[in-house]
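Student: Sequence:
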Amino acid sequence: MKQRGRHRRQKRGKALRAFLAGTALALTAAATMISASQATVSKADAGVKELAGSAAGFRLQERLVPQATLDRLSASMGKPVGVRAVLDDADRSLRVPADCTGADRSALPVVPVATRAYCWDAADTRGWRAGAVTTSGDADDDGHWGEQRVILAGWTHDTGKAGRTGVARIAFVNADVPAHLTYTWALLTVPVDGGRDYRGLPSAVSGLVWYQGKLLVTTADGLYVYDLHRIQRATVDSGRVGKVRGGWSAYGARYVLPAVGSYQLAGKTPRPAAISLDRSTAPDSLVASERVAADSDRHTRLWRYAFSSDPARAGLLATDAAGRAVATQAYETKTTGVSGVLSYGGNWYLDRASETRDGRGTLWRQSSREAQATECGSDESNQCWSGRGGSLSYWEETGEVWSQSGRMLYALPLSSVDRALDDQG
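In numbering that gives the first Met the number 0, the protein residues as written are 0 to 424.
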């Protein structure tokens, strides 16, 4: 995908920024109706510490799906399509805050407030759990994929049936018109039997990064790779997955994403849970955090990988001769329960999930020198973030951080996070 100059980004962003200004007041009013928890967190023992000489221990083994397997699958299912074809087929719409329930809106952050927010249709997401978010701001530095703005949102469904732990799907959201976002679904799958069939990805999606033409997806089973130039059409609308009588089914989704590879843990490497893209490094890097229980005494580790500079491997991680991706830097923090991680400009932003089902999370900004958490309420509570914490994705072209909580998809300027923290002194 051809990248464009920054002067075009500024021009294309004017209409969007005007929309943000117009919606900020309404969302501020909704957020102030939400009461924050009384608990606070200590700042004295927080912050990130680089683990000098330890990065080499964070290794992932790359395993790519044979080309013959992918070719056999596409020969049976039909010629793959791209992102534009999927967006042109969008058959659903997200709702603006005025059309969302109060219960849905209560999942939004208190401080800082969202400047854009949308809710998913309850009927379309019932039984599904919201996961990570990534955007075309990750895919290309001009913020577009081709001529379009795109958001990808992950969801996981627990089928409740023995032997079937669930399936995962991605919403392809057309974000060209801020006041009217449309979307459709694609099922995440893994080719089996040499490309003669596929199975669903039976694990919760905890992280997404769309970089160049690849979509990286973290689950409890590892880090999977999908090629957004190889999207297949489902031909049968049913609750089954894979090859069925009359064609191919994708659990009700219109499209299928077959994995083209994966990265598996090597040695004692911690399992990547949350991931995001850092465009402030040279070159761009993938950052990851592990999942550590909120009540654990163990520190949380953070680390980053470089992307391959080989045009033939665009969107894949840089690997050595043995196919191993080795971290370039590693850190640790005493903050536990991290469900979202973002690194930009030397700062780490950590979304710490609520310790209770109905509580609120905490948003931290940490560096090697200091750590701060956003505050809200007269008691200076730190539990001001979204009701059910999710991933963090920074859209550099617009300056927005995107996340998802419950049925709410929302965004706010990263500058508003920094401003809220700086105003606290």
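Hints were generated in silico from the structure; no laboratory data involved.
Keep in mind that a hint or two might mislead.
Below, computed lysine-lysine pairings styled on DSS-like, alpha-carbon distance capped at 30 Å [unchecked claim]:
id, residue 1, residue 2
1, Lys242, Lys333
2, Lys267, Lys48
3, Lys242, Lys78
4, Lys333, Lys48
Student: Does each hint fit the structure? Answer for all of them.
Tutor: Status of the hints after comparison with the structure:
Among the hinted pairs, Lys242 with Lys333 is inconsistent with the structure: their alpha-carbon atoms are about 47 Å apart, more than 30 Å. Proximity of Lys267 to Lys48 is assessed by CA-CA distance (about 20 Å); at most 30 Å being required, the pair is judged to hold. This hinted pair checks out: Lys242 and Lys78 have alpha carbons roughly 16 Å apart, not beyond 30 Å. Simply put, Lys333 and Lys48 have alpha-carbon atoms about 9 Å apart, close enough for the 30 Å limit, and the pair holds.
The earlier numbered hint that this structure contradicts is number 1, and it is the only one.
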